[in-house]
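S.K.: Spelled out from the first residue to the last, the chains are:
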Amino acid sequence: MSCKRYFHTLHATVLFYLPGFLRITKQSHSHHQMTSVWLLPVITLIVASSAGGELALALHPYSVTGALTTLAFSIFIVSAGLTLAFTILTVYFYRLVLHGFPPDGNIVSSFMPLGPMGQAGFSVLIIGQSMKEFLPVQGSSSPFLGSAQVGEVIFAVSVCIGFFLWALATMWLGYGLLGIQHIVRRTQIPFKLSFWGMIFPNVSCGRLPYPASPGDVAIYRVCTQS
Amino acid sequence: MHSTGTGAVSILAALFPYGQYSDACKAISTVVFILNGLLFILFIALTIIRYTHHPDIWSRMIRHPVQSLYISTFPMGGITLISVGTTVLYGHYGFGGRGFLFTLWGLWWIDVAISAMCCWGLIYVM
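Read top to bottom, the protein sequences are chains G and A.
If you're matching positions, the first sequence starts at 1 in this note's numbering and goes up one per residue.
If you're matching positions, the second sequence starts at 1001 in this note's numbering and goes up one per residue.
These aren't lab readings, by the way, just hints derived from the structure by calculation.
Everything hinted at is true.
Among the chain A residues that face chain G by a calculated CB cut under 8 Å, a handful are:
(1) V1066
(2) S1083
(3) T1087
(4) L1101
(5) L1104
(6) W1108
(7) A1116
(8) C1118
(9) M1126
Bear in mind the structure is a predicted one, so any value in this text is a computation, not a measurement.
For every residue, glycine included, the Cβ atom is placed at its ideal position computed from N, Cα and C.
Given only the sequences and the hints, what does the whole structure look like? Please build it.
M.R.: Given below as C-alpha cells:
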C-alpha cells in the first residue's frame, strides 16, 4: 500500500518538475560535441571587468564614489565570470580526456581558455593597482576603506593572483599548441571565419602583464615581454 | 554569426596601444579604433535589419547549441572600444575631456548589463 503511494508521489514529482526542467534546457548538447566555445558567454563578464578597472582609474579625479562603485562591480563580475570559467574548463578537460581534441576546424577553439585566464589576470592586476591608489579614502571611518594598509595588501595579493592566472594561461597555451599540431598533422584545416576566435584569447594572454608597471614587478617582464 | 568581424578588429585595436605608448603605436591604435567603431556600428545595423526582416531566425539561432554562444562577442566588441577609448583617446590624447569619459562610463554600464544578460541568459537557455 505504502509502496503504491510512494510510486504516486514519484510520478507526481516527475510530472511536476519535468516541464520546468525542459524549459530551462532549450538546446540539446552532447559531451563529445562540447568545445571551449562554451566559455564565450562567461568571458563577457571578465572582459567587461577589465575595462571597468581602466575606467575607475580615469574616473578617480572626478568622482571617488563613482570610481569605487565601478571597481566594486568589476570585482563582482570578474569573480562570477572566473568561477564559471573554471567550472567550464573542468568539463572541457574531461572532454579532452574522454574524446580527444576537437576534430577538424574546431581545433582553433583550443586557444579559447587563454581568454578568461588572461583577461581575468589583467583585470585583477588593474584592480590591485587601483586599490593601491584609491585607499585610504579621505575622511572615511570605515575600517576597510579608511585603513592605510588595505590598499597595499590588496595590491600584493592581486599580483600573486595575476601570476597564478598567468601560469594557468601558459598551461592552456601548451595544450592549445599540442592540440593544433595533433590535428594539423592528420587533417587539413580549411581557413574559415572561425579563425578569428584565435586572436582574442592570445591577445588577452599577451596583455596580462601590462597593468603592473614592469619596473615594479619584474617577473612579468621576464615571462612575457619578449 | 553577427559581430564576429567586429570582435576580431576590435581586438587588433586593443592590441596596438600596449607598445609603450609611442606616437606610432598610438596613431595605429587610433586608426584601428575608428575602423573598429565604424564596423561595430555597421554590424549592429546589419543585425537589426536581419532580425526585423526575418524574425523567425532569432528563435532558431537561440536554440542552436553553438551559434547562440556567439551573441556574447557583441558586448566584448563594445568593451574593446571602451577600453581603447579610455586608455588611448582619453588617457594619452586627452580627447573630449570629462564629457567623453562620462559617456564611456555610461556605455560601460550598458555593456555590463548586456554581458550579465549573456552570461546568465545564455547559460539558462543552454
